[in-house]
Structures are given as structure tokens and as C-alpha cells.
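So the sequences go chain by chain: A and B.
So for the first sequence, the numbering used here puts the first residue at 185; every next one is plus one.
So for the second sequence, the numbering used here puts the first residue at 148; every next one is plus one.
A couple of the hints might just be wrong.
Looking from chain B toward chain A, a few residues come up when the C-beta cut is under 7 Å (computed) [what the hints assert, rightly or not]:
no.	residue
1	His306
2	Ala317
3	Ile402
These are computed hints drawn from the structure, not numbers from a lab.
Please read all numbers here as calculations on a predicted model, not as lab measurements.
Ideal Cβ positions, reconstructed from N, Cα and C, are used throughout, including at glycine.
If you want the building blocks of each chain, they are given just below.
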Amino acid sequence: MKTLEFPAPPPRAGDEDLRREVRNFLESRLEGRSPLQRAESWNGFDRQFSRELGQRGWLGMTWPRKYGGHERTAFERYVVMEETLAAGAPVAAHWIADRQSGPTILRYGTEAQKEAILPKIAAGECTFCIGMSEPDAGSDLAATRTRAEPQSDGSWRVNGTKLWTTYAHEAHYMILFCRTSGSPADRHKGTSQMLVDMRATPGVTVSPVLDLMGQHHFNEVHFEDAILPAGSLLGTEGEGWAQVMGELAFERSGPERFLSSIQLLIELIGALQGAGGEGGRNAIGRLFAHLVTLRHMSRGVAALLERGDDASVHAAIVKDLGATFEQELPDIARSLIDEEPDLASTSHFASVLAYTTMAAPAFSLRGGTREILRGIIARQLGVR
Amino acid sequence: MDEISAIVSDTARRLLRGLAEAAGTWEDMPESAWTAGWQAIEDSGLLLALLPDEDGGLGLPLSEGLGLVRIAGSHHGPWPVVDTMLARRFAAENGQDVAAGPAAGGPSEMAPHQRDIAALARACQMAGALEAVLEMTTAYVGERHQFGRPLARFQAIQHSLAVLAGEVAAACAAADFACQRIAAEGHDPILAIGIARARIGEAVSRGTAIAHQLHGAIGYAREHRLHRYTTAMWRWRDEFGTQAWWTRRVGMAVIAEGSDGFWSSTVAA
């Protein structure tokens with residue numbers, strides 16, 4: 185048994201010019217965006233903003249030019265991702281597409297699928313949603329019941345319900361994880377991924393599911409005899425499980441897995457200026473040590489993905505540690521500053537604290553629960 | 148790491164592992180065995196790993212010398228290997244004769260930059276010791292049976308072990324980070340050492356608690372080697388600056404940059 189090594193990322197990846205360029209753009213583009221809005225992190229949605237990133241060549245950065253990409257390195261892409269998150273930019277209109285749907289299409293898609301979709305993602309014109317969870321298939325993804333039946337003309341007839349589908353109401357496409365043969369008892373076998381055009385598929389109904397703050401990010405997506413045209417299959421029929429597991433490594437290791445509470449940390453440091461004493465210094469020192477270590481590990485995962493190595497266990501560790509860090513922040517802030525949390529407050533600390541406290545429970549649920557991640561880590565250690 | 152460094156590392160690992168395993172219960176070790184062990188370590192050249200070339204050292208870059216310190220942490224025995232490595236480096240830096248024999252009580256009379264290097268060495272030792280503790284604990288829960296099955300079959304045990312593995316991975320990453328930073332230009336090496344000490348100190352607290360919990364009573368017995376690592380780490384985490392001191396030092400630097408400078412400090416760290 186060997187400890188999981190995180191490869192050392194290059195200390196400076198020759199990316200400082202790019203970082204300066206991105207920062208300058210964000211500084212002027214996001215002027216006037218309140219700390220509370222910035223605290224929404226990757227839930228903030230602004231199609232025009234995504235388009236502007238696309239125009240600057242900051243989406244689909246690592247993809248081949250012939251699909252609208254820019255053939256830049258994983259570390260250059262990382263710079264853009266972390267700078268936009270740290271600035272609290274509204275990235276939701278492109279985030280899922282750029283992070284995981286695009287890379288999945290690039291890897292498994294047909295030439296026609298790649299040509300039709302990737303350039304639109306890179307231009308910031310295309311929003312994706314992820315059709316994985318179902319009412320009875322949450323952490324137990326293999327229990328998926330939604331079924332796509334092949335038709336004689338090559339099309340697929342889909343029936344079933346997906347749940348917790350973030351931004352389905354804004355999405356152009358979904359990558360649907362479903363059963364194409366067998367029954368839920370067959371578990372991983374007989375599952376596939378399908379591309380669903382969310383705007384042009386009759387029989388698809390999207391209904392909002394409000395979160396505990398009353399905000400609309402989640403949806404239920406119901407398929408009733410929805411017909412997907414021939415050519416909708418993504419990758420290989422029956423290989424859906426393996427494809428999805430690869431996709432999750434992209435979903436679990438990025439800077440969004442430890443920067444969700446960053447705006448609260450920024451407000452806390454502001455509130456501690458000239459106050460706070462030993463307790464404040466100790467708390468900030470500890471949080472900063474966690475943050476810098478997580479960033480080092482996350483960039484190490486980027487190095488693994490760049491080499492084409494399997495990073496699923498490394499990604500699970502980053503996400504588990506990252507979510508714990510993000511979730512600790514509200515209570516640490518409360519212990520140091522005497523202010524009541526209040527979404528409507530004019531105090532930035534109070535409003536951001538209220539928001540982050542209410543957002544935090546989701547951090548260890550979305551993208552794989554803490555329990556699932558720890559199971560993945562335990563399996564790597566050979567005890568499962 | 149080039150081929151020569153890999154050979155040096157492998158040799159050190161083999162030597163120290165063999166010696167640590169043969170040491171048994173340290174208290175019962177005959178003096179002759181201790182002396183023979185020390186002589187083997189001395190003969191290997193390992194004690195010169197942090198010494199510059201011109202002072203008769205191995206000519207390793209500091210970051211690679213610290214890699215050997217981490218190995219010494221993984222195979223921790225009753226000899227003051229790391230303290231002697233440090234004492235010899237500092238003696239040479241101070242223009243003193245490099246004394247033969249083990250450094251009793253560790254290096255003394257250090258300049259501030261020497262204290263920082265000693266603190267980083269402790270961080271590397273702790274990362275190495277945590278790796279050993281993870282390996283030991285993983286093996287134990289696979290072997291020990293209760294209720295008719297190995298402990299490893301219980302989900303509560305699996306998840307505790309996963310948390311331990313996460314802390315060990317973070318500790319190793321923090322040590323790597325600091326070793327990388329002291330060699331790179333454009334970063335504050337002191338801040339990087341503080342980050343490593345703060346993060347690794349916390350990993351020690353969580354990691355040793357889990358390791359003892361999963362080992363049960365046997366891990367608390369003197370005859371078991373687990374406590375050689377855990378009690379050592381409980382000392383190391385507060386030596387050459389306590390964990391709290393290093394943590395506050397990082398906090399002070401970050402707070403001084405204010406909200407506006409926070410993200411730049413993160414990237415520049």
C-alpha cells in the first residue's frame with residue numbers, strides 16, 4: 185500500500201500574464217457586483233458574461249482548435265477557473281459545459297456531435313445540465329430507472345424522471361445517464377449516456393424545485409415518450425457507467441470544490457482588520473494553511489488529468505477535504521465576529537454569513553456525497 | 148528526482164526500515180545493538196544529507212535532503228538521525244567543526260533561518276511518520292477480526308480510515324509544497340513553512356487520534372510500535388516554534404494584506 189501522491193504542479197506555469205489579463209477584465213466587468221452576489225459563487229448565472237469569456241478565448245481552453253478550442257494547457261485553464269471563482273463571477277451559464285460536458289463529448293462524442301456542440305460551448309453560447317440523479321437514485325446512481333428504448337429508425341424513446349437537475353430550465357442540452365437495456369437489478373450493466381436537446385425535444389417537462397432559500401437552481405426533468413433522434417447516443421451503448429465515472433473526476437477536483445465559501449473568508453478578514461487578537465490570527469492562519477494546501481492538491485490533480493492519468497481517488501480526497509473546509513467557515517466566522525447573520529443586512533459580513541450558512545449543507549452533497557467519496561477512498565486503500 | 152537521488156532514497160529507506168524493525172521495544176535494546184545501528188547510519192552518509200557539498204556533504208539540493216528527512220520520519224528508530232543531520236548542517240554554516248557522533252538533545256544556538264529549516268524538517272518528519280501510521284493502521288484493520296470478520300469490513304472503520312488517508316495526503320502535500328517553495332524564487336519561504344506546520348500539525352492531531360482508535364488497546368501498549376510514531380509527532384508538532392505560533396504567524400501575514408490582498412496572497416503563497 186502506498187500513500188496517494190499528488191504530483192507537484194509547476195510552481196509558476198508561465199501563466200502570470202494570463203492571470204493579470206483575467207484579473208483586469210474581471211475587475212472592470214464585475215464592478216458594482218455586491219459581496220452577497222459574489223458569494224453565490226458558481227451558482228450565479230449571466231449568459232452575457234459567459235459569452236464575453238468565450239470571446240476572450242477563456243472557455244474550451246484546452247480543446248483542439250478545430251472544435252473552437254484554444255489548445256492551451258490545463259494550468260492555464262486552471263488560472264481562468266480560479267480567478268473567476270475567487271472574484272465571485274457569475275459562471276453558471278457555462279460552468280458545467282466547460283468543466284465536464286464538453287470534455288466528455290470531446291472524449292466519447294462522434295465527429296458530428298463534436299462539431300455541432302463544442303464550438304458553441306467554447307463561445308459561451310451553450311449551457312448544459314447533468315441528468316444523473318433520480319427520485320430513487322441519488323448516491324446509488326446505478327439504481328437509475330430512466331430508460332431509453334432503441335426504435336427501428338435509430339431513434340430512442342425515453343421515459344423516466346431526473347431530479348436535482350441544476351439549471352435544466354436554462355440549459356440547451358443535457359447529458360442523460362439512463363438505462364438502455366436490462367433492469368435496475370443489473371446495476372452498472374446496460375447503462376448509457378445520451379445527448380438531449382432541451383429546447384427541441386417534445387415530451388420533456390422541466391419543473392422547478394426550490395431550495396431552502398427559495399431560490400430556483402434545481403429542477404425535476406420528466407421524460408414522457410420523448411423521442412431522441414438517431415445519433416443521440418454519446419459514446420458506447422452499455423458503457424455509461426465507466427463514462428460517468430471518468431466524468432466525475434472532472435467534476436470533483438476543481439477549485440470550485442474549496443472556494444465556495446471564499447467570499448465569507450474575504451469578509452471575515454476585512455472584519456478582523458485592527459481587531460480579532462490572537463484568536464483571529466490563529467483562525468485565519470489555520471484556514472489559509474488549509475486553503476493553500478487544497479489548492480496545491482487540486483493543481484496536482486490538474487497535472488494528473490493533463491497527463492491523462494486516472495485521478496478519481498485524488499479528486500475524491502480533494503472534494504472531501506474541500507467541502508469540509510468550506511463548511512467550517514460559517515461557524516468560525518460566527519465565533520470571531522459579533523454580528524447577526526442577515527441576508528437583507530447592509531453589512532456585507534452579515535449578509536454573506538447568512539447566505540453561506542444556508543448554502544453550506546449542499547457542499548458535501550452535490551457532485552457525490554461525503555459518504556460516497558469516503559467509500560471511494562477506502563476502496564483505494566484495499567479495505568473495501 | 149534524478150536517478151542518483153532515487154538510489155540515495157531507496158538506500159536510505161532500506162537501511163532505516165531494517166533498523167527500525169529490528170529495534171523492537173527500544174527500552175530492551177542492548178547498547179551494542181544501538182551502537183551498531185548508529186554506526187550503520189553513520190557509514191551510509193545519510194547524516195550528511197543536509198550538508199553543502201563544500202563542507203563534505205552529499206551535494207543534494209535542500210529539497211532532496213528534506214526528502215530523506217521524510218524517509219527518516221517514516222522509519223523512526225531510537226537514533227537521533229534528523230537532529231544530527233540538522234546539527235551538522237548548522238555547525239558547518241556557523242563555521243564550526245562538524246562534530247562526530249549523535250547530536251545529543253538536538254541542535255542548539257540556532258540563527259532564525261536555521262530555526263526555520265529545523266521547523267521544516269519537523270514538518271517533513273511528521274509527513275513521513277503519518278504515512279507510516281496510515282500503512283500500519285490499514286494493515287491492522289485488515290488483520291484484526293471481531294464479530295467474525297475483519298475490522299475493515301465495517302463501514303464505520305472504512306470511513307475513519309478514509310479520513311486518516313485524507314489527512315495524510317494533505318500533510319504530504321503541505322510538506323511537498325513547502326519544500327518546493329524554499330527552492331523557488333518569488334515566494335515567501337517562511338510563509339510556506341508556516342503553512343506546512345499549521346496544516347501538518349492539524350493532520351497529526353486528527354490522524355493520530357484515528358490511528359489509536361482503530362488500533363484499540365494494543366496500540367496503547369508499550370510493546371506496540373504505534374506510539375513510537377504518535378508520541379514523537381506530539382512532540383515534533385510543537386518544536387522549533389509551536390503549531391500555534393506558526394499558525395498565528397501565517398494569520399498575521401494574511402490579515403495584514405487585508406480583504407483586497409487576500410486572493411493575491413493565496414496565489415503567491
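Indices of hints not satisfied (ascending): none
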